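S.K.: Spelled out, the chains give:
Protein chains: 4
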Amino acid sequence: MSQYRVLIDADDEKGLVYKVSTVFYNNDLNILSNSEFVDKDNNKFFMRSVVDGEIALDKLKQLIVEILPSNANVKVIEPKKKNIIIMVTKEMHALGDILIRHEADELEANILAVVSNYDELESLVGKFGIPFITISHIDLSRDEHESKVLECLAQFKDVDYIVLAKYMRILTPKFVEVYENKIINIHHSFLPAFIGSNPYKQAYDRGVKIIGATSHFVNNNLDEGPIIAQEVIRVDHAYSWRDMQRSGKDAEKVVLSHAIKLALEDRIFVFANKTVIF
Amino acid sequence: MSQYRVLIDADDEKGLVYKVSTVFYNNDLNILSNSEFVDKDNNKFFMRSVVDGEIALDKLKQLIVEILPSNANVKVIEPKKKNIIIMVTKEMHALGDILIRHEADELEANILAVVSNYDELESLVGKFGIPFITISHIDLSRDEHESKVLECLAQFKDVDYIVLAKYMRILTPKFVEVYENKIINIHHSFLPAFIGSNPYKQAYDRGVKIIGATSHFVNNNLDEGPIIAQEVIRVDHAYSWRDMQRSGKDAEKVVLSHAIKLALEDRIFVFANKTVIF
Amino acid sequence: MSQYRVLIDADDEKGLVYKVSTVFYNNDLNILSNSEFVDKDNNKFFMRSVVDGEIALDKLKQLIVEILPSNANVKVIEPKKKNIIIMVTKEMHALGDILIRHEADELEANILAVVSNYDELESLVGKFGIPFITISHIDLSRDEHESKVLECLAQFKDVDYIVLAKYMRILTPKFVEVYENKIINIHHSFLPAFIGSNPYKQAYDRGVKIIGATSHFVNNNLDEGPIIAQEVIRVDHAYSWRDMQRSGKDAEKVVLSHAIKLALEDRIFVFANKTVIF
Amino acid sequence: MSQYRVLIDADDEKGLVYKVSTVFYNNDLNILSNSEFVDKDNNKFFMRSVVDGEIALDKLKQLIVEILPSNANVKVIEPKKKNIIIMVTKEMHALGDILIRHEADELEANILAVVSNYDELESLVGKFGIPFITISHIDLSRDEHESKVLECLAQFKDVDYIVLAKYMRILTPKFVEVYENKIINIHHSFLPAFIGSNPYKQAYDRGVKIIGATSHFVNNNLDEGPIIAQEVIRVDHAYSWRDMQRSGKDAEKVVLSHAIKLALEDRIFVFANKTVIF
Chain A
4 MSQYRVLIDA DDEKGLVYKV STVFYNNDLN ILSNSEFVDK DNNKFFMRSV VDGEIALDKL
64 KQLIVEILPS NANVKVIEPK KKNIIIMVTK EMHALGDILI RHEADELEAN ILAVVSNYDE
124 LESLVGKFGI PFITISHIDL SRDEHESKVL ECLAQFKDVD YIVLAKYMRI LTPKFVEVYE
184 NKIINIHHSF LPAFIGSNPY KQAYDRGVKI IGATSHFVNN NLDEGPIIAQ EVIRVDHAYS
244 WRDMQRSGKD AEKVVLSHAI KLALEDRIFV FANKTVIF
Chain B
4 MSQYRVLIDA DDEKGLVYKV STVFYNNDLN ILSNSEFVDK DNNKFFMRSV VDGEIALDKL
64 KQLIVEILPS NANVKVIEPK KKNIIIMVTK EMHALGDILI RHEADELEAN ILAVVSNYDE
124 LESLVGKFGI PFITISHIDL SRDEHESKVL ECLAQFKDVD YIVLAKYMRI LTPKFVEVYE
184 NKIINIHHSF LPAFIGSNPY KQAYDRGVKI IGATSHFVNN NLDEGPIIAQ EVIRVDHAYS
244 WRDMQRSGKD AEKVVLSHAI KLALEDRIFV FANKTVIF
Chain C
4 MSQYRVLIDA DDEKGLVYKV STVFYNNDLN ILSNSEFVDK DNNKFFMRSV VDGEIALDKL
64 KQLIVEILPS NANVKVIEPK KKNIIIMVTK EMHALGDILI RHEADELEAN ILAVVSNYDE
124 LESLVGKFGI PFITISHIDL SRDEHESKVL ECLAQFKDVD YIVLAKYMRI LTPKFVEVYE
184 NKIINIHHSF LPAFIGSNPY KQAYDRGVKI IGATSHFVNN NLDEGPIIAQ EVIRVDHAYS
244 WRDMQRSGKD AEKVVLSHAI KLALEDRIFV FANKTVIF
Chain D
4 MSQYRVLIDA DDEKGLVYKV STVFYNNDLN ILSNSEFVDK DNNKFFMRSV VDGEIALDKL
64 KQLIVEILPS NANVKVIEPK KKNIIIMVTK EMHALGDILI RHEADELEAN ILAVVSNYDE
124 LESLVGKFGI PFITISHIDL SRDEHESKVL ECLAQFKDVD YIVLAKYMRI LTPKFVEVYE
184 NKIINIHHSF LPAFIGSNPY KQAYDRGVKI IGATSHFVNN NLDEGPIIAQ EVIRVDHAYS
244 WRDMQRSGKD AEKVVLSHAI KLALEDRIFV FANKTVIF
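Line order of the protein sequences matches chains A, B, C and D. Sequence positions in the first sequence follow this note's numbering and run 4 to 281. Sequence positions in the second sequence follow this note's numbering and run 4 to 281. Sequence positions in the third sequence follow this note's numbering and run 4 to 281. Sequence positions in the fourth sequence follow this note's numbering and run 4 to 281.
Heads up, the list lumps identical chains together, so a pair's fine if it works in one copy or across two of them.
With a Cα cut of at most 25 Å, we get these calculated SDA-like pairs of lysine to any residue:
(1) Lys-43 with Asp-55
(2) Lys-22 with Val-53
(3) Lys-264 with Gln-6
(4) Lys-78 with Gly-18
(5) Lys-84 with Arg-104
(6) Lys-47 with Asp-246
(7) Lys-22 with Ile-58
(8) Lys-85 with Gly-56
(9) Lys-204 with Asp-14
(10) Lys-264 with Arg-104
(11) Lys-43 with Tyr-21
(12) Lys-93 with Val-235
(13) Lys-185 with Arg-209
(14) Lys-185 with Asn-86
(15) Lys-22 with Gly-56
(16) Lys-17 with Ala-241
(17) Lys-78 with Thr-25
(18) Lys-78 with Val-162
Think of the hints as simulated: they come from the structure by calculation, not from any bench. No experiment lies behind these values; they were computed from the predicted model shown.
Just chain A, same shape as in the assembly (with noise of 0.2 Å):
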């Protein structure tokens, strides 16, 4: 008895659902839960399923493949631990809540490395078994540090999601191509107001009354990957910016663990720069 996530997305066209719950029942296979979602504005199909049953996972993706219009694309996933790289820079709630989280047993991940520019969080993490690995920016370019960042992450196989908490350099195309769709950030603004650098002080300047922090995928342009999560904190004017600082922390941290938790669990579909999420 085998359990499978069966994600496609295709052009909408009538008989989509028909066809993939043919297969499902042909093959005596059990639906644990289904989603569907079609996007008009752009005639897209998005299907999630889990099921179960005697089915072998070569053989359930070559039924729908063979079901489905040639423009499907189609995955079948067996639940399992999936491969994450962290990289940081020298702030560690965010960090800290996943370490944790993963010592709890709560996340569906092995954490291959943590990644870092400096070795403030070597300690921390080096409490949990993790390897850390420092590689200075100090006297390299940007393209040199980031080199070396990829070299080291080759060196890694089967790499599923690269998580940026609290990284606090950007990445170039170059290196966003190679991991498309597989780095998910976190912004610390509610995107898309305060893009950019020091949001918590342009937050402050403008006088809200409401901060947050948004997770997203990173794609070449700077904050403006597909969001995942975004999240909440009201603030008055007692607040610094420092202290928009402090309690946006909390929100950072909340939203990086439930678009690492989405994308674990094989819930996020991305198009059109947006996301769909089931």
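Using the hints provided, position chains B, C and D relative to the given structure of chain A.
M.R.: Below, chains B, C and D without anything else, positioned relative to chain A:
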């Protein structure tokens, strides 16, 4: 070209989605949206589809009934305005919100009448050209008063929902039986906390930091019917119970209007004293 | 026995609280509530006290002014209904919410008139016996139209606040100058995200997971005045921009009514394009 | 130059603010922040000021005590790390969040020890170099076990707070008396709903749409002490009670860490089984 909402609940078994989607496919129906849920504790399957195509309502219903197990409940509904009656006592906020939404044509509903045991709100309702019926409870026993109300309601044909917009009298099982799962109430508390009278005073005395409101169907036990929606509002030590009551009104009207909207769009299943909402 | 709201802002220095409380104490005034805040960046002190006792308003003000440094701004206000004018275009929800609150006597305000560039809402306003004035902008330049509006408003004495309840025209600096910090607007977005027209469409295109609304005072730059209150609503991929717009209306009316309440209760200080709210 | 937190509660009467601010003024103290509240039901005055200047702590306290009525409680506290002991059973999330905040130096606290009736969390605590003490309850009566715990705690001097981070045993009145208003608990429910064991199962059975968590001081009646903070999370019909439990953990850790922060910053007054929080 007609549009239908198809609502199905049944004991769960393999092939239900397949069978229903087969009917849709064979009859060339387009699925506009589709939601399913299996309550594993009760082995119960729920499905709501919105489809359009060239088929008569009765024909579609018959085809689905035929293909499903005999325990299945099937509803096929053509979207149109439903008939509602609103019951109130003296407070204006929840009623007012419904009237404005009705006036703005935001509700898929005809308001047949507003019924009250007082005449305080007659002037407001009159402005909107909606019949207002006062049935005073003064000098009447609970049974006598309720019989008069039931008699009054009975003159209206095809009442889909009775909305209790801060109707402050307890309904007897006799009343509730007549309109099973058709009476939508708002309770001015975050149920099941503070059941009973003056929940704001209770909340104040307990020193809570968040208050709430709950919309639910009414069943025989006061405040214990299936919950449709809940809303919360933060308070602090500076709130008197009157302040909580005042702030609570905003949660009350939001949560009631939300429940009405869900009901009018046929999005609510009731099972095991709980709701499944698509 | 009179009740007063005392509002003070001044350059911060030692002894301000002492000096003000000395006046209260020497005149046997009872402090009902008291809030202070120091904006350290701008070295600015803000204080709002509610007191009661046997003293004339002018006398109390004079005593406070005398004891404070000359840069202090002192207001002593007797709580009473303020005069507001509401400006609208065609949408009903924000106006409707205000009218119902007014009818329920929840607002410390007289609504002198509703002014619009269309007559769509005349019927609704008429129900409540409030003057509705249509000043069409058709065939007029922006300046001509605005001059007519200003002329119209000028006939109302002692206007405390102009409330823009989805008034969809941009006001010129000339207009804003006349009613500085007296114009309360609602922007249908979580400012400063999505400044400008059709923010719901912008939000939809960006794929955000939370939308919002902002009430603020209007200054010379569109959408950039001091923020009074903000509210958010969660959305997901299934929301079209029309759905966002529909849901957003609830946030809009809540946030506008909240801002009006704060203004009517003299709880807002404006400084450095931000608000301090007690 | 010293900084002090001045906390005063007293029966309300005219002139309290005047008297305290006179002391501040005469001693050339600078008010950094100032909060007051009068509980009119109980005629009780609360005040928290943060001041700095050149004065000894004892001197400042004496001056304030002298000028206030004899019923006033006056605390003058110099900000410094407080001593806390954490008690846990087996769950990691709340403890983990505190340990990370402690490691990140976000808490004004020394963690003297973590005490548990199981050793499951010993390894985690050990990583952070904090003493972990297991006091098994196996084969002991409640009283015997508690006596051993009390004995253990007694060896620590100057314990400011005992934090129950999911300590799953009920404390007797004897225990609570020793640490009155010093024990901070987290209850995994939105109190007062679902008092008692397995509140998530209760919430699931009731079909609620929002779940929550509550941090509170512990008094003699289980789950009935003064509430410090509450947090809520939206759920829907698709949540099993295990899902609610999992999601609830995020609310639990947020609400507990928030309560700890408020306590460490001396922001909480307890009166009449409620809290006043500045």
